[in-house]
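S.K.: Protein chains in written order, with the numbering used here: chain A, 45 to 436; chain B, 31 to 284; chain C, 383 to 800; chain D, 1338 to 1645.
Note that these hints are calculated values from the structure, not bench results.
Careful: at least some of the hints might be erroneous.
[Claimed, not checked] So these bits of chain A aren't anywhere near chain B, every CB distance computed over 10 Å:
hint: 1; residue: G142
hint: 2; residue: L155
hint: 3; residue: S164
hint: 4; residue: A274
[Stated by the list, open to error] Within a straight-line C-alpha distance of at most 27 Å, the following computed DSS-like cross-link-like pairs (lysine-lysine) qualify:
hint: 5; chain 1: B; residue 1: K95; chain 2: A; residue 2: K189
hint: 6; chain 1: C; residue 1: K623; chain 2: C; residue 2: K569
hint: 7; chain 1: C; residue 1: K569; chain 2: A; residue 2: K242
[Unchecked claim] Where chain A lies over chain C, by a calculated footprint (3+ residues, C-beta under 8 Å):
hint: 8; stretch: 566-580
hint: 9; stretch: 598-610
Where a beta carbon is used, it is the ideal one built from N, C-alpha and C, also for glycine.
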Amino acid sequence: MNKVAAFIGKNQYSHMIILALLLLVVLPLSLDIFRLNLVGKYLTYAFVALGLVLCWGYGGILSLGQGVFFGLGGYCMAMFLKLEASSPENTAIQSTPGIPDFMDWNQLTALPWFWEPFHSFTFTVFAVILVPAIFAFIIAVAMFKRRVGGVYFAIITQAVAAIMTILIIGQQGYTGGVNGITDLRTLHGWDIRTDDAKYILYYVNALLLFLCLFVAAFVIKSKLGRLLVAMREREDRVRFSGYDVSAFKIFIFCLAAAISAIGGAMFTLQVGFMSPSFVGIVPSIEMVIFCALGGRLSILGAVYGTLLVNYAKTSFSETFPELWLFAMGALFIGVVMAFPNGLAGIYQRYMEPWLLKLSKKDESPSAPAVGASEKAPESSDEPMTSEERKHA
Amino acid sequence: MLESTKSIPAKDFVLSVEGLTVSFDGFKAVNDLSLYVEEQEIRVIIGPNGAGKTTVLDLICGRTKATEGSIKFKGKELTKLNEHQIVHAGVGRKFQNPSIYEDLTVFENLELSYPRGRNVWGALFFRRDAEVVAKVEEIADMIFLGDKLDMSADLLSHGQKQWLEIGMLLIQDPELLMLDEPVAGMSVSERKQTAELLQRITKDRSVLVIEHDMQFVADIADRVTVLHQGKVLSEGSMDRVQSDPKVIEVYLGH
Amino acid sequence: MKLLNLETTALVRRGFLKHLLAVPAALALATTSLPTMADSANTTGLAVTKDTVKVGILHSVTGTMAISETGSVQAEKLAIEQINAMGGVLGRKIEYIQEDGASDWPTFAEKSKKLLVNDKVAAVFGCWTSASRKAALPVFEQYNGMLYYPTFYEGLEQSPNVIYTGQEATQQILEGLDWASREKGAKKFYLLGSDYIWPRTSNKIARKHIENKLGAKVVGEEYYPLGHTQFNSVINKIKLKKPDVVFISVVGGSNVAFYKQLKAAGIDMGKEKPLFLTISVTEDEILGIGGENIEGIYASMKYFQSLPNENNTAFVKAFKERWGDDIVIGDVTQAAYLGPWLWKAAVEKAGSFDIDKVRAASPGIELTTAPEGYVRVHENHHLWSKTRVGHAQPDGQYKVVYESSELIEPDPFPEGYQ
Amino acid sequence: MFAEYTAAELTSIFAMQGFAGLILFSVFVLMALGLAIIFGQMGVINMAHGEFMILGAYTTYLISNLFADYLPGIYSSYFFIAMIVAFFVTGALGAFVEWAMIRHLYHRPLDTLLATWGLSLIMQQFYRTVFGAREVGVTLPDWLMGSIAVTDMVEIPINGLFVMGLTIVITVGVALMMQRSHLGKQTRAVVQNRPMAAAVGINTEKVDRLTFALGCGIAGVAGSAFTMIGSTGPTSGQLYIVDTFLVVVFGGAASLLGTVASAFTISQAQSTMEFFLSGSMAKVLTLLVVVGILMLRPQGLFTLKVRR
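Same shape as in the complex, but just chain A:
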């Protein structure tokens, strides 16, 4: 236990347990399967928000095209499931049985070559992570080696999202077009649409999210995490301390892409389809607000932020659909202007000191460990304080 705590940081550890209790115990017990499935869907967005914490919050790289990676992961999974749903028996009425229905409508008479490997589940699992990661790698190498950053990078990723959407919609014979890949039913014969399956998928999803949270926490806690923070403030200094800044940016961007892609794959499994509407600009920017609301420097905040915004969206749009965009807009502006550190910032500023005071009464102070450095700031709050100070 202590090893885990040391691995990701002590404070983070207790907070993670709270989140685990919430996601793995409280919500499944208190929600019916319909609502729980919704939560599961939202949690898939949390993967993207988590990726954004890494690359935007820590790396300072704002990508407005994270939906592309979410979508790529989702499409990889959807291709596998669609192939399974398109067995020759199921598609006997088609002019070419055994290929997905939309291909048949588009006069394809054979499965395109890049669909072939998706018959294999093992390949699919690798593809879910590697395809988006490699795509991210190509973008990142081209951009970061040339030191494109900030607003330029944001705009270019936005253009990439636009290109991707047009391509997917335009190549409907290969991608299912604007409708996406729909009507996915089974995974190795296991019906993913039943309530039981939804429970299982929810847990798989939640556990994968925790796995990603651990990876993220490990990265942040490592020297690489501190380098990212350092880079955001003083890129030149890092460079002249002998680090290849672009390599670090490429790494964190690819990691963020891979994490987003896992979310996309889980989305496909839980919702049962994938469509280009998740690849575009609008969903990509919406996911940025999940992250911003939770706190761009807090990996757990990303999860809470995602859940909160989506909960608000669902309940708001049920009662006052017209007001939803006003609320969403106000949220964007409010968070950015008043709480640049989001919920996590508020929590750390107001709640945590109070909680600490409470807990100090029954906790003996722990002895300082290695040298002077144990006071190293909890990496999730410290970097921002100077930022705050600057703008106060």
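We have chain A; now place chains B, C and D onto it with these hints.
M.R.: Okay, now just chains B, C and D, sitting in the frame of chain A:
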């Protein structure tokens, strides 16, 4: 490249800059400049504003790419390398304004500069062991910050920040140290300490310094190079340079 | 093949029609006695009480699709209110629960599930784009719900859980192309659409028909991304190729840009050189384009607001009274209006709200009061309907210049067109 | 592919196509100019730019209705008045937004981007609430809607000419203002050295506000002009954002000339490719080429090489 024919073979010098030129939209900030630095030498570059002093350092450390000319460091051509590769080759650079990580503590500032785990995977699995701690503490003592390791770097005084940045370079043990106005904004006592510091750390390396403070220059310099409009105006010992009529004209002309 | 088919079935149909005319009378008799059998009306736990029944309305009220879907919501609400005013269905008032699909396809799936699982509605009227229907469809099939889908669409689908009240592609397209070829002597066609499944499928069908059945030529086929706003290049291409007919399935904001730029490029659509035939511009869209910018084009669809029949006059009057005088009614709006009425008829025929019974009762259901005239539900859950060609007038209305003589059989999987 | 056409036909089509490219160019310049001013001078990315344009379009719609109801006699000239009103309405809103929001975020360009995105959502919903979800049809005066027939084949759309003329007027006006006027000089001073400009007595806050207002005002004029060629609906502004941003970024942001050159390059590329390829592929290829070039020349087409 007339210069190179009469120049001495590069390997005798730690740093030999030859025929260096850079132009920004036609304006030649550095124009056909040649410069040689010996081992364990403290070389100070002076010159009026806009003479191209900082640009020369930028060129050497790879921050700006040269239009023409060569920069050889221990026989290795630097103009083709990236910044971090130049650092790995053994060149350290301090900026004009203290450039430290203000969000981190003094300890972490030094630790991040410790030359281990410099690639992605190395950084990911870097562990803070006794060796690192010992080295950090040693350097911290050297730069007069031994008792401030826990302090957040933005709470340091301006002079202390300058020292910290020098310390961040020292921990990498570079063979050539380049300092851009290291005593700017320092109090008199801090200046003195800095001069001592420089004397001490040059035992094992060469140092290239840009400085305006003539007293300080006189204190530390082995040799002085005067730049004017991107060219070397005069070079030699402090006394010689100070009595050079060309230098006097440029300085008084201002 | 197709044409021949239509001719022969049309002959058969006349006889069939006579028989059918007897059905409404029988139905009317049956329904009056039904309310007494209240308990047997609902055996599957739907949200039906002694005097109410819940249904869902599921369209986008926000987002980019809100523009198009507003009319459908209004039509469905109007139909429900009218049905309630007439005493409801099986003696029960209809209560609707409206959900917002927010122009986001998973939201459609999610809300469908909510309506079916949580609210246990007896029917859902909704979806607009194919993508939203495709997303919601598995939910309806899994939880056995009933969806009344109003939009004209590409076909290639036939779900036991959906009644398609709009036309599928062949119904809408073939008649219009035949008309252009027969009446206007068109020999060269240019196909232009937004880049997604409906225009592509429609043009595929159109091309086969033009080349194989009409013996004419397709001189160009062109797609632009959704939301594209610059059409000068394609206008030049049209000028170069000199087609007799430009067959257009451009949708959304692109429409406005296309017709404005067409007019500005000096093409007088009234001269019919070339003739512009659209399958995507209803009166709703003209509102945004401006009647003066589109005057002179032709549209091929099943309904126009100006249809001269009593049903329609009453419908238009009621619609304007309910939703305001300056409102216009397009093809999809009318199709949406049919949904609640078709459902009511099916429920009353089945004597039950049970989805399975309603489904079993649906084929053969007919509406003599439909604004578009007479419609009947086919075995394949689409509607038999007529297709009209309208000529756009400067006031933003279409003048009906042609009407198919017979009801056209829906054929979502057309042989020879795939 | 041209074998079946006569030389005369081809000549006129190429003339027309060239003209189409020029119109596209004007449209790009017009929509990017306001953004370029704001981005170039202030480093702020205004994601609500499209919505500001649509505000101009709605203003035009309202003015045209006013004229139709109260001043039918001079209806044909309403368009000029509408453009002027659109400029001031959007400019005023821009000034307000700068005061309420942007000025607090100057040091955080990425945050401005998010905040203005939020603003765009609010503006969209505002339009939807006020004007309805449907597009509105803006009636244009007749003289704007025709075309000039040069030959049988070559016809020049008047509204295209109008957009081109407007683009030239506004671009030259902005360029002159930046070079010559007092505000322009102050703006450039602020861009180059903010503290110094403040020290010599320039009211930097005022300069910022005016610059932002000017950028938004130009967006409003552009939106007003685009009622001639595009749609006016709550979400129409979204149709423009990707193109607009790419033009500005590709141009290098720093100079007006860059924006113009970039608009020219992109529009010609797109219009040429549209003629040879299908519309969708042309769009994808154009975007790909632009992104590709940006990867090679990240600072855009026109930038000064300076000591950092």
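S.K.: Check each numbered hint against the structure and report the violated ones by number, ascending.
M.R.: The structure conflicts with hints 4, 7, although it agrees with all the remaining ones.
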